[in-house]
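**Student:** Note that the protein sequences, when read in sequence, are chains R, C and F.
The first sequence runs 1 to 339 under the numbering used here.
The second sequence runs 1 to 250 under the numbering used here.
The third sequence runs 1 to 287 under the numbering used here.
One thing to keep in mind: the hints can contain errors.
[Said to hold, decoys possible] In silico SDA-like links for lysine to any residue, alpha-carbon gap of 25 Å or less:
id, chain 1, residue 1, chain 2, residue 2
1, F, K219, F, D91
2, C, K148, R, F256
3, F, K254, R, N143
4, F, K219, R, E140
5, C, K148, R, L141
6, F, K254, F, A128
7, F, K219, R, F256
8, C, K148, R, T10
9, C, K148, R, A8
10, C, K148, F, G86
11, F, K219, R, L141
12, C, K148, R, A21
[Unchecked claim] Computed, partial: chain F to chain R, Cβ under 10 Å:
id, residue
13, L34
14, P89
15, P258
16, L273
Read the hints as simulated data drawn from the structure, not as lab findings.
Each residue gets a CB set at the ideal place from its N, CA and C atoms; glycine is no exception.
These are the residues of each chain, in order.
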Amino acid sequence: MRAAQPTATTRRLEAHLHRRARWRWPEIVFWVAALGAIVVLPSRAALINEILIAGLFALSLDLILGLTGIVSLGQAAFFGLGAYSAAILASKGFADPTLGLLFGAAIAAVLGLATAPLLLRGGDLTRLMVTLGVSLMLGELANRNGWLTGGADGLNFSMGKVLGLFPIGFTGQRNAALYSFAALFILFAVARRLAQSPFGLALAAIRENRLRAGALGIATSRRIVAIYTVSAAYAGAAGALLAETTQIVSLDLFDFHRSADVMLMLIIGGAGYLYGGIIGAAVFIVLRDVISAATPEYWEFWIGALLVVLVLIGRERIHDFAVRAASSLAPDAARGDAA
Amino acid sequence: MSVPALEARGLVKQFGALLATDDVSFTIQAGARQALIGPNGAGKTTLINLLTGVVEPTEGQVLLQDHNVTALSSSQRVRLGLSRTFQINQLFPHLTPAESLGLAISERNGSGADFWRVAGTRPAIVAEIEELLTRFGLEGEMDQPTRKLPYGKQRLLEIALALATRPRVLLLDEPAAGVPEEERQDILAALSALPADVAILLIEHDMDLVFTFATRISVLVAGRLLTEGEPEEIAADERVRAVYLGEDAG
Amino acid sequence: MLTILFDGVAYGMLLFVLASGLSVTLGLMNFINLAHGAFAMVGGYVTALLMNRAGVPFLVTLPAAFLIPAILGVALERTLYRRLYGASPLDQVLFTIGLVLMAMPIADFFLGDEPQQVNLPAWLSGSATVYGVGISLYRLFIVAVCGAIAALLQIFLVRTRFGAQLRAAVDDTRVADGLGINVDRIFAVAFAVGSGLAGLGGALAADVVGGIDPSFPVKFLVTFLIVVTIGGANGILGALFGALLLGVLDVAGKYYVPSIGGFIIYGVMVVTLVLRPQGMFARGDGR
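So that you can see chain R by itself, here it is in the shape it has in the complex:
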């Protein structure tokens, strides 16, 4: 045992293990800037709202892909389910946004828990196909049960005020963006905490080397099921936010391209450090806005080209470069690798 007086090694060890626990100034700047954008650019509130929601959606994917290394092409299943759950609840007269948000997340979590065991066997290829299949089945289910979902016409409904005070939707777009901001920030803080816990460390171990994780006694299957459920809840919450702030849902929420887009956002921003999804969502949506203003219909080409280049250069190499660049800007903020 060590002496009661902490040694230099102990202090260094503690500092190392807690290095990400404290909020660093670049993080604070990031959140203040996001909030500031809503206040300063009220005319852009709808766009910012879209970015915040897409950012939460991408964060949900980061929990399984970035933290745990489980690939998925079916995240739209939970997004769509969350959106429809909130929409149906509201159309039945329970129009409180917070309630709808929790409800959407909870229903999506149930589906996540139910389908997580499908991910435990097989490799990445199997997982990509299974998750894709589940989301397609769900979309078809929504399509065929028009009595509940409105079918191809979608659902229109009206929402109550957030906390009974702030109207959201077309007349309250700034409120809507603030509401999404609050939800994103709270869920982000929870995810951030989770990533630094022993549970989060175990997820990183599963990503890095599942064989060794099992050899350390980690119940890898249970951990994967748990994080997949949490990720589903996050995606469901994002879907619910979109439904509530636009007050319309339609079948395209389940589309394959939703799952693909959210993966692109995460990859553009970089997976594994939680901010990547939000940054990627901002880049993706702003790019789309700018390019489609110049050449409508062809903006996808540039996103595609960006992806091809990203992969050819190597995501790892770009990430290493970014870490080095960040550490030269803020030496202690970017120390070590993202985990």
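For this one, chain R is given, so just place chains C and F on it according to the hints.
**Tutor:** Structure of chains C and F alone, referenced to chain R:
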């Protein structure tokens, strides 16, 4: 004799037409320093996989402290005190040694599912991480990503991780494999400093290492146990010389 | 009833030709090429444009619908795809999604988003009644052509030296290399043939799916993946089986139980994957 720490009873493993393990029985006493040697292809890796539960035996049993663990998974056996290292490093490349060890320790003491407390805030865990880092000479590298460590240090971490699960039986699969000469001494020192109450089975090609470390040696040839005994007996055994040492010296 | 069965078989045959290239790259080479549908789109466009703008007869356009995508495939394989053979599935997915995202606006830019129709020659339109079963002539034509292609492919892969070399190369690239097999060339040829067949399938499918438009690569992507998933690593016969099953289930399902529709095929895929997660693709992919 007390209850053996680990016992194999009539283990058989058949892969199609290949009999990889042929009726192997042996025991490892608590605190033993035992070695398992044998030429390439003798079935050493299969035997480890059978003992740790990576592969299911066709016949036979594995007993840990007299408990039959044959039906348990690898991670369940780890929790019962059977741990191993890997011949080829199986580490977490982007985690640091401190994080890797902290992970193993929290998993062992039951806080592995804790998702709210920041890792490394429990003083007992921090103290234990530090103790292991110091013992294996990894304090200097504790906050470096594992992939950036020199190979010898990675081998040490491999052993430290296995030890962090507090095993009663530890299987070391060629711990010195591929370690450059100048870092070799560190591995040897680490091995001789392993806790005395942990039973160790060393699988190794390097005869110098085997004869300095082990007090008892088992020889595996073509899936069968050829013989077992003290190092002097094994060194003097004509059959062992013929199949193994002869090959090595030739 | 038999008419529906026949339509299902014809649709399945068509899916087989469209997806057979994918069953080689994904099923055998373990490369996830989500851009496969783009080659089918190119083939469809080649036939439609040659017919509508140059007045070339339908049958004469088909070889071009095979060759042009094949050449395009080989060019992309040599320059881009080959760099990703060893990459992670995620990288392959991202890369090929990127290619799809680029291919669709390119098609849109040059040809517009209106579907390009393929007008069948008179001798292929219309239908005949055989033993009281109404059969569309074009469906019959599809079954004949696609059946012939399936047979040729099977012979090509099982009986010829090339087929043996491809299987060896897929099984263990390094060993095949050591045996003097030119792995690079084998993969390039396999990729070219797969892309060409996709193009031919696209040309044949144009009439059935109501014309070729820029969204073709995405619209049928999932269907292709399901064919390969169900067929798995069992080579050409597996893909043929998967395609026929899917074709019949889809056509019959949409006719008899329209309320469930596409649900059936997705369900079949997920169940197959859950029951045989590793056997599904050639050597599994580790973990």
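**Student:** For every hint, state whether the structure bears it out.
**Tutor:** Verification of the supplied hints:
Only pairs whose Cα atoms come within 25 Å are accepted, and K219/F paired with D91/F is accepted, the gap being roughly 22 Å. At roughly 39 Å between alpha-carbon atoms, K148/C and F256/R are farther apart than 25 Å, so this suggested pair is violated. Among the hinted pairs, K254/F with N143/R is consistent with the structure: their alpha-carbon atoms are about 14 Å apart, no more than 25 Å. A hinted pair counts as satisfied when its Cα atoms are at most 25 Å apart, and K219/F with E140/R qualifies at roughly 15 Å.
Restraint check for K148/C and L141/R: the C-alpha separation of about 49 Å exceeds 25 Å, so the hint is violated. Our distance criterion of 25 Å between C-alpha atoms is met by K254/F and A128/F, whose separation comes to about 23 Å. About 10 Å separates the Cα atoms of K219/F and F256/R, which keeps this hinted pair within 25 Å; it holds. A hinted pair counts as satisfied when its Cα atoms are at most 25 Å apart, and K148/C with T10/R qualifies at roughly 22 Å.
About 23 Å separates the Cα atoms of K148/C and A8/R, which keeps this hinted pair within 25 Å; it holds. Restraint check: the Cα-Cα separation between K148/C and G86/F comes to about 23 Å, which is no more than 25 Å; the hinted pair holds. A hinted pair counts as satisfied when its Cα atoms are at most 25 Å apart, and K219/F with L141/R qualifies at roughly 18 Å. Under the criterion of a C-alpha separation no larger than 25 Å, the hint pairing K148/C with A21/R is consistent with the structure, at around 24 Å.
A hinted interface residue such as L34/F counts as satisfied when its beta carbon comes closer than 10 Å to some beta carbon of chain R; here the least separation is about 9 Å, so the hint holds. Taking 10 Å as the C-beta cut-off, the interface hint given for P89/F holds, the closest approach to chain R being about 4 Å. This hint holds: P258/F has a C-beta 9 Å from the nearest C-beta of chain R, less than the 10 Å allowed. The beta carbon of L273/F comes within 5 Å of a beta carbon in chain R, closer than 10 Å, and the hint placing it at the interface holds.
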